[in-house]
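Input sequences plus hints: build the corresponding full structure.
Going down the list, the protein sequences come from chains X and S.
Heads up, the first sequence is in the working numbering, so the first residue is 198 and it goes up one at a time.
Heads up, the second sequence is in the working numbering, so the first residue is 399 and it goes up one at a time.
Hints in this document: simulated from the structure, not taken from any laboratory.
No false leads were slipped in.
Now the stretches of chain X that chain S is said to cover, found in silico as 3 or more residues with beta-carbon under 8 Å:
#1 338-348
#2 395-401
#3 445-454
Note that this is a predicted model, so its numbers are computed, not measured.
For every residue, glycine included, the Cβ atom is placed at its ideal position computed from N, Cα and C.
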Amino acid sequence: MTSSDLGRAASVVGVGHTDWVGDYARTRAGEQPADSYGYAARAFVQALGDAGISRNEVDGLITGPRTAYERMGEVLGLNTRWGGQADAVTAVVMAATAIHAGLAEVVALVYGNDQRSAKVQYGGPQAMGGENYLAYVYHSPWGLTSQGALYALMFQRYKHVYGATERDLGEVAVAQRLAASLNPNAIMRKRITIEDYLAAAYICEPLRLYDYCLINDGGVCLIVASNDWAKRRSSRAVPIVGIGRADLNRGATELEPRLVEFYRPAQQAAAQASYAMAGLGPEDMDALQIYDSFSCHVLFALEGFGHCGEGEAARFIGDRGISLDRGLPVNTGGGHLSETYMQGWAHQIEAVRQIRGECGERQVPSCRAVQYCSDVAGKAFSIIYGASA
Amino acid sequence: MVTWPKPFPKPVQRRDDEPFWASIARRRLELQRCGACGRFRYPAAPVCPECLSEAVEWVPASGEGEVLSWCVFHRQYLEAFPPPHVIVAVKLAEGPIMCGFFRGDIPKDALIGRRVSFDYAVDPEGQVLPFFAPS
Numbered sequence: 198m199t200s201s202d203l204g205r206a207a208s209v210v211g212v213g214h215t216d217w218v219g220d221y222a223r224t225r226a227g228e229q230p231a232d233s234y235g236y237a238a239r240a241f242v243q244a245l246g247d248a249g250i251s252r253n254e255v256d257g258l259i260t261g262p263r264t265a266y267e268r269m270g271e272v273l274g275l276n277t278r279w280g281g282q283a284d285a286v287t288a289v290v291m292a293a294t295a296i297h298a299g300l301a302e303v304v305a306l307v308y309g310n311d312q313r314s315a316k317v318q319y320g321g322p323q324a325m326g327g328e329n330y331l332a333y334v335y336h337s338p339w340g341l342t343s344q345g346a347l348y349a350l351m352f353q354r355y356k357h358v359y360g361a362t363e364r365d366l367g368e369v370a371v372a373q374r375l376a377a378s379l380n381p382n383a384i385m386r387k388r389i390t391i392e393d394y395l396a397a398a399y400i401c402e403p404l405r406l407y408d409y410c411l412i413n414d415g416g417v418c419l420i421v422a423s424n425d426w427a428k429r430r431s432s433r434a435v436p437i438v439g440i441g442r443a444d445l446n447r448g449a450t451e452l453e454p455r456l457v458e459f460y461r462p463a464q465q466a467a468a469q470a471s472y473a474m475a476g477l478g479p480e481d482m483d484a485l486q487i488y489d490s491f492s493c494h495v496l497f498a499l500e501g502f503g504h505c506g507e508g509e510a511a512r513f514i515g516d517r518g519i520s521l522d523r524g525l526p527v528n529t530g531g532g533h534l535s536e537t538y539m540q541g542w543a544h545q546i547e548a549v550r551q552i553r554g555e556c557g558e559r560q561v562p563s564c565r566a567v568q569y570c571s572d573v574a575g576k577a578f579s580i581i582y583g584a585s586a
Numbered sequence: 399m400v401t402w403p404k405p406f407p408k409p410v411q412r413r414d415d416e417p418f419w420a421s422i423a424r425r426r427l428e429l430q431r432c433g434a435c436g437r438f439r440y441p442a443a444p445v446c447p448e449c450l451s452e453a454v455e456w457v458p459a460s461g462e463g464e465v466l467s468w469c470v471f472h473r474q475y476l477e478a479f480p481p482p483h484v485i486v487a488v489k490l491a492e493g494p495i496m497c498g499f500f501r502g503d504i505p506k507d508a509l510i511g512r513r514v515s516f517d518y519a520v521d522p523e524g525q526v527l528p529f530f531a532p533s
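Right, dumping it as structure tokens:
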């Protein structure tokens, strides 16, 4: 058995999500439509229906960071033979590896987050994630607390080193809003121009309002099954053909991998591993889904994951394009900036739906391979969905 | 030394951070250095990430560094820091990168690459905090 067998082990056979648009309106009106478990359960029911299976066929459960594993299983009535808790991309990797190892055959990956109605804090001395990432809280005595500020420091340095401009960055928000305008599931659907972007206020300079992700409630679920199971039972399974990961932990709190390396060595290693597993290269990707808590992720990822050279992201966006109307479309549902902030989970189901060809007005033509790229806090992952070589 | 009108947020203090904050209270910031290989590290940690030695010494910092990057908070999140609040990430002469706020007459657009050094501020509760000012 070689490691490349992992790229032939598992497929996504069902996807589901909650009513992000309706729940956004309800939470803005002061209602709490569900808690994190409730959102996860709604998405789970949707995904079971999408997969055409019953709950009893699920033999593995991975629950997202906001929901405890045992309680999630209790809520969903699941006694499984394998499981755990993980963020979006780690959950996909865990499911594929557990299936590859024979520890489970049909795994439900469920995520629910009531972050808006529960008023979760992403800045300040008690910021979410501080227990896992010391940099999120360590600099708080000086007033450096929010994750937005950490990305503002990163993009400022990037501008200085490579000569990129805020207008270049604005093209990311404009392109993703175009995608969202064609997506009935997206929360922010009003198109914006680069002038709208530049006229918006700075939140943490050099980042403006449109560089920041939404904060909304919701849930997402994926059903991942073995390829043997998928062959027997599913007519529209989307295979997971490439997986790569590399982490930069050294110097993380002093921000050294962020400000000096822009996470590039980890991105390059993760991308290479996934391309090798899939037998594909960056030129084979028909669309990208990039973790975009902030717009500047997209520039860094285009370079680090091999879609253009170092410091060339702005030129790539201008010359080739990253929107649905030309080039290599990125975040085809609108991403965290404009569709929904499901912390990477909605990016997975958008990849699956693009490959199934069911995305309507926002469909990428002849979409055979989609890459998911994330680099949260220097933990870089590349997942390739779709057809292998 | 600057008097700050509002209390600073409380530092994250783990076991290894105590000498760091004690040195700041004396207004003579010390950095942790490996007693075996001499590598500086920030924040403090129980072993050296280079050689894994537990041997440590605390060494007064030169207080000098060069700005790597900056950002400006245009919204107020914390009582102590009304906007615009300028943050800098500084490559210290000893090696580590240290973040803090900046006060001084260098235009923010000209900050990257500029030399800065420590100054100290004290809040109404007596909490001392180092910050960066033009060298």
